[in-house]
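Q: In order, the protein sequences belong to chains V and S. First residue of the first sequence? That's 23 in this note's numbering, and the numbers climb one at a time after it. First residue of the second sequence? That's 23 in this note's numbering, and the numbers climb one at a time after it.
FYI, nobody ran anything at the bench for these hints, they're computed from the structure. Backbone N, C-alpha and C fix where the C-beta goes; we use that ideal spot for every residue, glycine too. Check the hints yourself; a few may be wrong.
Pairwise CB distance ranges (calculated) [claimed, not checked]:
#1 S:G440 - V:F66: 30 to 40 Å
#2 V:D322 - S:S131: 49 to 59 Å
#3 V:E41 - S:V118: 50 to 60 Å
#4 S:V118 - V:E307: 27 to 37 Å
#5 S:A124 - V:G280: 45 to 55 Å
#6 V:D60 - S:P323: 29 to 39 Å
#7 V:K339 - S:A123: 38 to 48 Å
#8 S:A124 - V:R205: 24 to 34 Å
#9 S:S260 - V:R205: 38 to 48 Å
#10 S:S260 - V:S260: 50 to 60 Å
#11 S:A123 - V:R403: 52 to 62 Å
Within a straight-line C-alpha distance of at most 20 Å, the following computed SDA-like cross-link-like pairs (lysine to any residue) qualify [said to hold, decoys possible]:
#12 V:K339 - V:E329
#13 V:K206 - S:K402
#14 V:K356 - V:R369
#15 V:K206 - S:F203
#16 S:K238 - V:G204
#17 V:K339 - V:G285
#18 S:K238 - S:K339
#19 S:K206 - V:G144
#20 S:K402 - S:R121
#21 V:K238 - S:F203
#22 S:K206 - V:M381
#23 S:K315 - S:E327
#24 S:K206 - V:K339
#25 V:K399 - S:K356
#26 S:K356 - S:E401
#27 V:K402 - V:P368
#28 V:K206 - S:D453
#29 S:K339 - V:G144
#30 S:K339 - V:P368
#31 S:K356 - S:G194
#32 S:K206 - S:M405
#33 V:K238 - S:K206
#34 S:K356 - S:E192
#35 V:K206 - V:L25
#36 S:K238 - V:M381
#37 V:K206 - S:P407
#38 S:K238 - V:F208
#39 S:K206 - S:E408
#40 V:K206 - S:A236
Protein chains: 2
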Amino acid sequence: MELIRAAERQTLTMAELREGARNNQAVTLRGMVHAVRDMGGVTFLTLRTRAGVVQCVWETEEDGITGECALEVSGILRLEGRAPGGFELAVDRAAVLSRPAAPLPVPLSKGRRHLNLDTELGLRPVVLRAPEEQAVFRLQAGIARAFREYLQDRGFTEIHTPKIVHAGAEGGSNIFRLDYFGRKAFLAQSPQFYKQTMVGAFERVFEVAPVFRAEKHATPRHLNEYTSMDFEMGFIDSFYDVMEMEAGFLRAMTELLGGEYAGELELLGAELPPVEEIPAVRFDEAKRLAAEKYGYRIRDPYDLEPEEEQAIGRYAKEEWGADFVFVTHYPSKKRPFYAMDDPADPRYTLSFDLLFRGMEVTTGGQRVHDYAAQVEKMEKRGMHPEEFTHYLMIFKHGMPPHGGLGIGLERLTMKLCGLDNVRRACLFPRDLTRLEP
Amino acid sequence: MELIRAAERQTLTMAELREGARNNQAVTLRGMVHAVRDMGGVTFLTLRTRAGVVQCVWETEEDGITGECALEVSGILRLEGRAPGGFELAVDRAAVLSRPAAPLPVPLSKGRRHLNLDTELGLRPVVLRAPEEQAVFRLQAGIARAFREYLQDRGFTEIHTPKIVHAGAEGGSNIFRLDYFGRKAFLAQSPQFYKQTMVGAFERVFEVAPVFRAEKHATPRHLNEYTSMDFEMGFIDSFYDVMEMEAGFLRAMTELLGGEYAGELELLGAELPPVEEIPAVRFDEAKRLAAEKYGYRIRDPYDLEPEEEQAIGRYAKEEWGADFVFVTHYPSKKRPFYAMDDPADPRYTLSFDLLFRGMEVTTGGQRVHDYAAQVEKMEKRGMHPEEFTHYLMIFKHGMPPHGGLGIGLERLTMKLCGLDNVRRACLFPRDLTRLEP
């Protein structure tokens, strides 16, 4: 029998190294060889460590070291203005921990890659090693982290709800079917029923988890599996409470990213959006404003097409200097049965979308909470309330007024990083034709 | 156009209220009516707020207020030793925000519920409102939070990997099948391939996400969908680095739960396990020790049955005072093809399970990282390397020595809370017969 204790190795961040925390001291670094250059007897090597890329230099030729070797190097760290991170390692000793069996099929440097998206996605397992690709997904991790931390601080409890379900929350045909021990089951399109259920217990809940949509869209903005950041909150006065909570999260997000993730933003040339005040405009008003300004005819008064979202986004930027814009009061016929209708005009709902640089990244709103009202709305839509016994149970036995939203993590990442396709903001995207890697 | 700003409402925690932060001041609380008692003209009411249960008292009869009404109450807060949280609200004004259509089908007080598990799970949407049930899942949220925060602080990056996959990582028949736009697909049994892939990019990664196992076990320890807390780390010296990282997480977890979640632990009578030092014992040695001490015969030298896990857990408690015990060096034939064999004796692997109070809650170990070695091991097992092109790509083009683990969140919660069935540690469990709620 042995005893295992927590390891407390000292690891410095790039920022600490850059600030000279170990200047002129002996250190050992481990990482993957990014590039090697022999400059006439002097070897320059860039090492990808988990904290960032570090330049290593030594005075001998190192024949055996190639790209994608796993390396341990020891030497003296010194501040050096010409090195990528502002410092370099003067190597005394290098040990190869593992070697590749073959060189990379493509260069990792973005400027030299020149692949079409399809080829690039097929090579994702190694292309993701490129610093620019890493930066996208580090920022994505930062977004999810900001979401959780902001909500935790405001009394939200994290939940984990089932993804194999007996009925879809969003209805329609966009749902994956599954054989569940001989019974028909589905993959959850959203955690909607479950997060509302948990409002009855915890009042405020959130979940960051995959959702599945069997949509047959092959567009730059659709994924068939994506990560949804959901929250739901009880005791709201109106759906404005939900929008204010999202505005607060977005502010916390930009603060976190602008601080700890400044290097990633810089590498991608990504600009943080203004978030102190986010304009909100009614659905019909938004359509009218954009159509008038850009001189096009509104085709469908009940729906917002991608091109129209772009026009509204452009309008918000040009007129109000806003990257984000809330579009409120969507038509009832385009919203699910659990959306609360506006008592002032039941053709519209107390709901909203959030557009970010012209693309929908959030859908939210106030929900029906009264049992009789919910049953009536379902029946009016030709639904069968008896198929939703467990969901209706929460209203039957009392629910507070509540609302919430779902944010598409990949779309938020895509627009933040200025990417042209949502697949670039998903590690291993699933679409109509792509099931691997 | 309106402008939406972050809402910054002041919300106090129960701890702050208990410490008298608002003593003798006017406050407004919102919550669900847990219980009402009329004591001859004086109404006592307990309100479930998101911070906890608060006693409210007023001097009039309140006919209209029943259990599970959503209520807003205003009054003077005062410290009161006899009240549940140490304070109560002397109500001036109460407003009902919503009413149930029917009373609860069961009492929420645990002592009076007396339901069998099956009935209770069917009523989960409302039973979860009970404070003891809430406590289980608040602790669960705390566990996942500790996992993420501990790893974030040590340079791990969060990842989101696909749950719809073209091949299972764990092999075998325990995999759900799916129709994916006319192609055969599966639900991920683990994020194994993807988290290893991301070690090549980020070096250290973690994911907290659902996994799916089509196991036909109807036991108190199996779920067909559960939440797996996974991490994977590069540049390890041995699989001891992985165990030390887990030991560190467990220490951070007990510190967080013992602090911020002390109320939940107390409500459940749950005891935190000792985690400063965790014994580790070899698989064959663990089997021998337990069999000798408890006088039974080892039936299968290559496997560990649930009863044997219990015996080893009992041994660890009695002999070493340990609630956790690492069992190391599992036989190769019982480990997947990506496990690294022990060079000193290839019949065993450089891997481990962690048992918690006699039940496996973690499987982990060092992985093969050399391309030729991985291909050879797959071929020896009769697998077809050409079916794993994207996975093998990472080894072909260089991977550092690495290892990792997966922790079952529900099992860890179950054993921590002293529950008798893993279903009680899952909000909406999926098993052989249960697909709803």
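Q: What hints, given by number in increasing order, does this structure fail?
A: The structure breaks hints 1, 6, 11, 13, 17, 18, 20, 22, 24, 25, 29, 30, 35, 36 and 37; every other hint is satisfied.
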